[in-house]
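Colleague: Sequences are here, hints too, so could you generate the full structure?
In short: position in the sequence shown from 1, add 9, done, that's this note's numbering.
Treat the hints as calculated values from the structure; they're not laboratory data.
Be careful, since some hints might not be right.
[Said to hold, decoys possible] In silico DSS-like cross-links for lysine-lysine, where the CA-CA straight-line distance does not exceed 30 Å:
hint, residue 1, residue 2
1, 191, 127
2, 127, 171
3, 127, 47
4, 47, 20
5, 191, 47
[To be verified] Simulated restraints, written as ranges between beta carbons of each label pair:
hint, residue 1, residue 2, range
6, 84, 32, 44 to 50 Å
7, 171, 136, 46 to 52 Å
8, 99, 40, 20 to 26 Å
9, 31, 66, 37 to 43 Å
10, 99, 133, 20 to 26 Å
11, 115, 184, 35 to 41 Å
12, 117, 171, 24 to 30 Å
13, 29, 172, 43 to 49 Å
14, 41, 185, 23 to 29 Å
15, 185, 32, 33 to 39 Å
Nothing here was measured: the structure is a model prediction, and the numbers come from that model.
Quick reminder that beta carbons are idealized off the backbone N, C-alpha and C, glycines included.
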Amino acid sequence: MEDENRAKPDKRRKILKEVFNNAVMIFIALGVGFFLNKYVVANAQVPTGSMETTVMAGDRILVNRLSYVFGEPQRGDIVTFIYPDDGETLYLKRIMGLPGETIAGINGVIYINDQPLKEDFTQEVSYEDFGPYTVPEGTYFMMGDNRNNSWDSRYWEHKFVKIEDIVGKAEISYFPHPRLLK
Numbered sequence: 010m011e012d013e014n015r016a017k018p019d020k021r022r023k024i025l026k027e028v029f030n031n032a033v034m035i036f037i038a039l040g041v042g043f044f045l046n047k048y049v050v051a052n053a054q055v056p057t058g059s060m061e062t063t064v065m066a067g068d069r070i071l072v073n074r075l076s077y078v079f080g081e082p083q084r085g086d087i088v089t090f091i092y093p094d095d096g097e098t099l100y101l102k103r104i105m106g107l108p109g110e111t112i113a114g115i116n117g118v119i120y121i122n123d124q125p126l127k128e129d130f131t132q133e134v135s136y137e138d139f140g141p142y143t144v145p146e147g148t149y150f151m152m153g154d155n156r157n158n159s160w161d162s163r164y165w166e167h168k169f170v171k172i173e174d175i176v177g178k179a180e181i182s183y184f185p186h187p188r189l190l191k
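Modeller: Given below as structure tokens:
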């Protein structure tokens with residue numbers, strides 16, 4: 010009888026220890042997940058078709074927050090950034106104009122410093138002329154690949170995105186059709 014009474018507290022202690030260990034593991038996993046999401050990679054769903062056919066509305070993407078820690082954004086990078094006109098909404102666009110460049114669109118052709126830009130990431134021609142705009146140092150000019158259905162730098166009040174407002178480079182679309190983004 011005495012052995013049975015002693016076994017009950019041992020069994021409870023084992024159960025409590027197991028519950029505690031599981032709670033600690035869950036807490037650690039949540040902490041690691043939070044850290045990764047906040048500082049390394051962001052997970053996002055694309056709400057609009059402004060980047061079609063490269064990224065479709067509804068696609069789930071992973072954004073590398075560390076892409077520009079050791080390097081500069083490049084023309085053609087697909088990035089998420091804070092929309093400059095409201096300072097809070099996240100947008101997904103392609104970098105088209107780099108700091109110090111002059112960008113314009115004339116008769117469906119993008120010009121960088123008066124030279125036509127060879128674009129291999131979109132077949133769509135913009136029907137509206139824009140610019141010329143000179144991109145200030147430390148900022149970038151953004152455009153969607155779906156040129157005639159994209160709210161981008163061409164139309165914003167604050168036309169340029171500051172480097173510190175770029176969240177990261179969109180690297181992968183993982184749902185519904187997994188692929189690398191270029």
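Colleague: Confirm or reject each hint.
Modeller: Hint check results:
1. Between the alpha carbons of residue 191 and residue 127 the distance comes to roughly 15 Å, so the proposed pair stays at or under 30 Å and holds.
2. Between residue 127 and residue 171 the CA atoms are separated by roughly 25 Å; this keeps the pair inside 30 Å, and the hint holds.
3. Taking the CA atoms of residue 127 and residue 47, the gap is near 36 Å; set against the 30 Å cutoff, the hint is violated.
4. Among the hinted pairs, residue 47 with residue 20 is inconsistent with the structure: their alpha-carbon atoms are about 40 Å apart, more than 30 Å.
5. Pair hint residue 191 plus residue 47 holds up; C-alpha atoms about 24 Å apart against a cutoff of 30 Å.
6. The hinted range of 44 to 50 Å is satisfied by residue 84 and residue 32, whose Cβ atoms lie roughly 49 Å apart.
7. Take residue 171 and residue 136: their Cβ atoms lie about 29 Å apart, and the range 46 to 52 Å is violated.
8. Between residue 99 and residue 40 the C-beta distance comes to about 24 Å, which sits within the given range of 20 to 26 Å.
9. One distance hint, 37 to 43 Å for the beta-carbon pair residue 31 and residue 66, holds here, with the actual separation near 39 Å.
10. Distance hint check: the CB atoms of residue 99 and residue 133 are about 23 Å apart, consistent with the given range 20 to 26 Å.
11. A beta carbon spacing of about 38 Å between residue 115 and residue 184 agrees with the range 35 to 41 Å that was offered as a hint.
12. Between residue 117 and residue 171 the beta carbon distance is about 29 Å. The supplied range of 24 to 30 Å therefore holds.
13. The hinted range of 43 to 49 Å is satisfied by residue 29 and residue 172, whose Cβ atoms lie roughly 46 Å apart.
14. The supplied range of 23 to 29 Å is met by residue 41 and residue 185, whose beta-carbon atoms lie about 27 Å from each other.
15. Distance hint check: the CB atoms of residue 185 and residue 32 are about 35 Å apart, consistent with the given range 33 to 39 Å.
Hint check: violations occur at hints 3, 4 and 7; the rest are consistent with the structure.
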